[in-house]
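There are 2 protein chains.
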Amino acid sequence: MEALHVYDTTLRDGAQQEGLNLSVSDKLAIAGLLDDLGVDFIEGGWPGANPKDTEFFERARTELHLRHATLAAFGATRRAGSSAGEDPLVAALIDAGTSVVCLVAKSHVRHVEQALRTTLDENLAMVRDTVTHLVAAGKRVFLDAEHFFDGWHLDRDYALSVVRTAHEAGAEVVVLCDTNGGMLPHVVEAVVADVIAATGARVGAHCHNDTGCAVANSVAAVRAGATHVQGTLNGYGERTGNADLVTVAANLQFKLGLDAITPESFHKAMHVAHAISEITNVPAYSRQPYVGASAFAHKAGLHASALKVDPDLYQHMDPALVGNGMRTLVSDMAGRASIELKAKESGLDLSDRPDVVAAVLAEVKALEQRGWTFDAADATVELMVREALEPGSTSYFEVESWRVMTDSSALGGATSEATVKIVADGARHLAVGEGNGPVNALDHAIREGLTKAYPEIEKLELIDFKVRILDASHGTDAVTRVLIEMSDGETSWDTIGVAGSILAASWRALTDGIVYGLIRQGVPRR
Amino acid sequence: MEALHVYDTTLRDGAQQEGLNLSVSDKLAIAGLLDDLGVDFIEGGWPGANPKDTEFFERARTELHLRHATLAAFGATRRAGSSAGEDPLVAALIDAGTSVVCLVAKSHVRHVEQALRTTLDENLAMVRDTVTHLVAAGKRVFLDAEHFFDGWHLDRDYALSVVRTAHEAGAEVVVLCDTNGGMLPHVVEAVVADVIAATGARVGAHCHNDTGCAVANSVAAVRAGATHVQGTLNGYGERTGNADLVTVAANLQFKLGLDAITPESFHKAMHVAHAISEITNVPAYSRQPYVGASAFAHKAGLHASALKVDPDLYQHMDPALVGNGMRTLVSDMAGRASIELKAKESGLDLSDRPDVVAAVLAEVKALEQRGWTFDAADATVELMVREALEPGSTSYFEVESWRVMTDSSALGGATSEATVKIVADGARHLAVGEGNGPVNALDHAIREGLTKAYPEIEKLELIDFKVRILDASHGTDAVTRVLIEMSDGETSWDTIGVAGSILAASWRALTDGIVYGLIRQGVPRR
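One line per chain: the protein sequences are A and B, in this order. Going by UniProt numbering, 64 is the number at position 64 of the first sequence; the sequence numbering is gapless. Going by UniProt numbering, 121 is the number at position 121 of the second sequence; the sequence numbering is gapless.
There could be a bad hint or two in this list.
Because identical chains cannot be distinguished in the list, a pair is counted as satisfied if it fits within a single copy or across any two copies.
Unchecked claim - Computed cross-link-like contacts, DSSO-like style, restricted to lysine-lysine with a CA-CA straight-line distance of at most 30 Å: (1) K52 to K365; (2) K344 to K52; (3) K466 to K365; (4) K459 to K52; (5) K52 to K452; (6) K268 to K52; (7) K466 to K452; (8) K452 to K255; (9) K344 to K268; (10) K52 to K255; (11) K421 to K52.
Source of the hints: derived by calculation from the structure; they are not laboratory data. Treat the numbers as computed from the prediction; the structure is a model and nothing was measured.
Just chain A, with the same shape it has in the complex (with noise of 0.2 Å):
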């Protein structure tokens, strides 16, 4: 059998979703993280079909330095009724400098007639043509055989003319394409049995969601003999995403035992999935397999306590593996074992200590009534088992008031100044602080007021934000959830606040960081 394929499709097909939009160096950011991860192709766009895919072939000539993976430029058969060396379009799939050309065609009779309007046998002609010159030129070929599972069924002899036709004139892999999504993995198995031995070509599969089984679809094909897979990195796509590429990939090497990624780059799959969420600007899925923030966390009671006689017996695998970690959740449907386990990954042993346990948990339930969550505020939790273990430990500062003022400025924007009043180190310090935005301003003027009793807060830095309105039905009404991720330049830690108000829920939410920051470099209270 061939090695087996992992094409990432992130760069072309990945980019249709909704709500995703990226730059060139976008891009080219992605296709490095591709590299990392040890795809075999990267597919990074249609050149010549519009002017930001070709300037990313151009700068991928002198920007992008792969140490793996092969680029793939993508394109489609030439037009019905011209010749392939006269096509614009092949002409700048040549341009693009790749090895390897993915040619897009037709392979269903409807959408030849109907979408393409053009005759069968122009279409066989587009295919063998813009095969052929593209080998000529020099090119490996693979050729994605669109809407191909549903093209079979309606007319299998002509579906499987397209295969042979394109294999025939030199193309090196055929890739059947579930482009509506709608099939099964039976049934996507079937298929592709029939094609490779009705035409002896090599294929591929490339899937859509549609169905919820785009995975399985993948490794279905596999195991019906498919040596080439087709997905893109967080399952990205146009309506329900394509297939999710790492999750394929890791249960071909996993649980299918076959070669896929190499074992050292699945250990950057979860840091490589995260990433390319921070580039997309696409929110982590935390429910993901293998990668997902959630994918190997534990919440119920009942798992918790037995999670400490054998982590082996509740994950199907090492999360490890896939550069993933086990974590236990603190939540109401939790009980005292996991704020226990939580205290413990804090390095805080209360094991001897049952009424802080029942103390915290009594917060925790009292504060998620109000909308606040713990899951993922791992500070905030370590900071209420701190001050239960020791009322008065984690005051670093009191508050006696702040203020925020807004005002709108030409062309649409606005500036915001905030103003606290504080006390520390037996001092009342009034400060005030500028910014474009008013968490930016208050984040500012707190900094400014604290750094003569604690000048340890220069290596704290706010790097993320995150604002979720609750019972959204009431509007701006509602009460608002902020996250916030401060660091010190070597860890991070995560804080929440809920308030009525945005700003007063970032004030706590920025305040608890910044303790917590204090408490890890070890500066004692002033």
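Please build the complex by placing chain B on the supplied structure of chain A, with the hints as guidance.
Same frame as chain A, now just chain B:
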């Protein structure tokens, strides 16, 4: 073949999801929606194990009026070394007053020995006694065989003996659980077929999504002879979640032609899924199969032009069957065809105005470069089209300036006050508004300022407000994107604002939302 059971466990296993926290009222509301959807069984919780679930079953007797679904109580087999009649949790199961009880039992030898800490024989006795006791008490008993697939691989004979014991003691269905979620469809299919052949028991499946195959595994189980599927709405659940019950049922119904939920109920699927996500406060996943907001949304320029020919060529089913609809999106990947289609959806014909299409497309592309996104802001796009068609037609008022002041208050809260200076209907209007938060205060101030010139503003209501921080690596220095949903009591519309300041972004989205609402009501400019 027995009629297929569609068994929902959103309220029990789904509630184990990270960040999900349901009150008793939430659970009652969700149960009502599940009944609307037409599921056969609703697992309400674990009576006796926590006070919330005990209260749920008490209140359900009087407050929940199910028309189709049967309520089920979840619990465990009796403790080791006792008798079923003496076990308080078994008694609580009977007291819950449901006709169906779902019992969890171990079927994996290591779990019996290491987590349950009892003998293999005693575990079988626990299954036998508890099922017998509950059947004698008049209950229909379903048995969830935990960790079944892993257990079958480790010790098939023992796993089968658990199924046989439950079946012989009178359990109506034995549900094979992939508790750790590590299975693939071909394995599930083989194991389910083996269990049915070896035991003759009626078999169900309960799958988790750790390999991204929960839906496919559930479908595979049914193909192998299972006649009971468990899952959750929106795929909620611990780690990567449970099988998404709507997707499973839709695949069985629309792809395999089995009777899952009635066709009339399927029309409510999108509504029920979204209503439940409002209650759980877990944001709806736009890429969710069948019911996601993006599930039938088309972005690619290539598709947009072909969609005019025949929409059925580009979708795997009619979205109306699940209460969803086809949408076309405006984005820089789309071309002029998408702008035209979008305008047509708003009743504006641009077929002979290529200049307007070009101007709007240029504006869309320029704004997208700065972080705007129009996928979810149809009203903003419509305003752009109207302004390009007739410059000045969307200028309902002129903004001189606005200011918001927020002051900290006692108990960690804050109050905001906004002032606006607006020119409309030939006069200058100065107005002030108060609010919990700054956006709320701005909303009140602008309404106050416009009410003389446009009394029709009374009908408009701000119903949702979403904040997204872009380029979060800069913390609060980043750009903020605000999406606002407004309603006139009959329909609703979405607008967007992007700015360095959350308040400037909110102001833009708010004012656009108001202008759109006035235009929709047919109010002339004054």
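Okay, the hints, checked on the actual structure:
1. In this assembly of identical chains, the alpha carbons of K52 and K365 lie at most 30 Å apart only when taken from different copies (12 Å versus 51 Å within one copy).
2. Taking CA atoms no more than 30 Å apart as the test, K344 paired with K52 passes between copies only; the shortest distance there is 28 Å, against 50 Å inside one copy.
3. Within a single copy, K466 and K365 get their C-alpha atoms as close as 22 Å, and across copies as close as 26 Å, so both meet the 30 Å cut-off.
4. For the homomeric pair K459 and K52, neither the shortest alpha-carbon distance inside one copy (39 Å) nor that between copies (44 Å) is at most 30 Å.
5. Taking CA atoms no more than 30 Å apart as the test, K52 paired with K452 passes in neither setting, with 50 Å inside one copy and 49 Å between copies.
6. For the homomeric pair K268 and K52, the shortest alpha-carbon distance inside one copy (29 Å) is at most 30 Å, but the shortest distance between copies (41 Å) is not.
7. Only within a single protomer do K466 and K452 lie at most 30 Å apart by alpha-carbon distance; the minimum there is 29 Å, versus 37 Å between protomers.
8. In the homo-oligomer, the alpha carbons of K452 and K255 never lie at most 30 Å apart, since the shortest distance is 57 Å inside one protomer and 68 Å across protomers.
9. Taking the shortest Cα distances, K344 and K268 sit within 30 Å of each other inside one copy (27 Å), while across copies they are farther apart (46 Å).
10. For the homomeric pair K52 and K255, neither the shortest alpha-carbon distance inside one copy (39 Å) nor that between copies (39 Å) is at most 30 Å.
11. For a Cα distance limit of 30 Å, the shortest separation of K421 from K52 qualifies neither inside one copy, at 50 Å, nor across copies, at 42 Å.
Going through the hint list in order, the structure does not satisfy hints 4, 5, 8, 10 and 11.
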